[in-house]
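Number of protein chains: 2
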Amino acid sequence: MFSQTVEYALRAVVQLAYKSPEPCTTEQIAEATMVPKAYLSKVLQVLSRAGIVNSQRGIRGGMSLNRSPEELTILDVVNSVDPIQRIHQCPLGLKSHGSLLCPLHRRMDETLASVEATFANTTLAEILNEPSSSTPLCERPSQNPFINLITPQPRKD
Amino acid sequence: MFSQTVEYALRAVVQLAYKSPEPCTTEQIAEATMVPKAYLSKVLQVLSRAGIVNSQRGIRGGMSLNRSPEELTILDVVNSVDPIQRIHQCPLGLKSHGSLLCPLHRRMDETLASVEATFANTTLAEILNEPSSSTPLCERPSQNPFINLITPQPRKD
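Same order as they appear, the protein sequences are chains A and B.
The numbering of the first sequence is my numbering, which starts it at 1 and goes up by one.
The numbering of the second sequence is my numbering, which starts it at 1001 and goes up by one.
Careful: at least some of the hints might be erroneous.
[What the hints assert, rightly or not] Under the rule of at most 27 Å between Cα atoms (straight-line distance), these lysine-lysine pairs were calculated in the DSSO-like manner: (1) A/37 to A/19; (2) B/1019 to B/1042; (3) A/37 to B/1095; (4) A/19 to A/42; (5) B/1095 to A/19; (6) B/1019 to A/95; (7) B/1019 to B/1037; (8) A/95 to B/1037.
Please keep in mind that the hints were generated in silico from the structure rather than gathered at the bench.
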């Protein structure tokens, strides 16, 4: 249900959140996120147009987040690249239904609303700081599965 | 997030559930569901291969449901045509993550699990019999928006 573009956009902003406020080049993001560079460039363009990331030219330039990880939600990112399409009107165009959805489409819209709410309530900062044995985008060097539960730290490589 | 194929498959099975156990021709389903006939034929083929619908040849032949609407869930239909892809392994292939998803992918998988659960708990019979002012796939002839709340009846045209 989540497109490849959504997956890649989320990886890119997680990487930029780790580095925030330092900029990253597209090459650096591509390497860290394992996303093909050409595909990533297009995703970053869309994120830039949506105001999620900022592109800075120059020797120390690159992409950076336009907002702090505390202010950026998963929904912001998802809706920038592949918006969740809620069902506001009868998809068959039945006049008597209009915005009064039938039980089928209401049930479908309720699941979309549930996904929307979960994503709206999750910031990038929460993803980065959540205690977990797996850190987004990076291999865990230690063999102790609880190392990050004891000292959860965002990656700063 | 729901593909056109999912939308069309659900419309088709709702129509077949109304008519159950009588068979319908592809033309009849296409007209009732407002789905292009060529697209619908392909969707019905997939539903047939998945054992959701049954194709009967002959003068009184057509498509019919292979199970009663009480036994068929939305998830059965969705997973037959465009399965919900849960995240069981790290999408980046990070060895240290494996099936221990990081907070990003765990959050994404939890939303998929929630959609899956909602759809698994909803049968076609519930969709058809739920009191509502809008009946799936058909215009409401009465101007009284509460007519179906008083006398909920599955369509039998």
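Here's how the hints hold up against the structure:
1. Between residue 37 of chain A and residue 19 of chain A the CA atoms are separated by roughly 19 Å; this keeps the pair inside 27 Å, and the hint holds.
2. Between residue 1019 of chain B and residue 1042 of chain B the CA atoms are separated by roughly 21 Å; this keeps the pair inside 27 Å, and the hint holds.
3. At most 27 Å may separate the alpha-carbon atoms for a hinted pair to count; residue 37 of chain A and residue 1095 of chain B meet this at roughly 22 Å.
4. Between residue 19 of chain A and residue 42 of chain A, the direct Cα distance comes to roughly 21 Å. Compliance with the 27 Å bound is thereby established for this hinted pair.
5. Note on residue 1095 of chain B and residue 19 of chain A: the hinted pairing holds, with a Cα-Cα distance of about 23 Å set against a maximum of 27 Å.
6. With a C-alpha separation of about 23 Å, the suggested pairing of residue 1019 of chain B with residue 95 of chain A holds against the 27 Å cut-off.
7. The straight-line distance between the Cα atoms of residue 1019 of chain B and residue 1037 of chain B is roughly 19 Å, inside the 27 Å bound, and the hint therefore holds.
8. Between the alpha carbons of residue 95 of chain A and residue 1037 of chain B the distance comes to roughly 22 Å, so the proposed pair stays at or under 27 Å and holds.
In this structure, none of the earlier numbered hints is contradicted; all agree with it.
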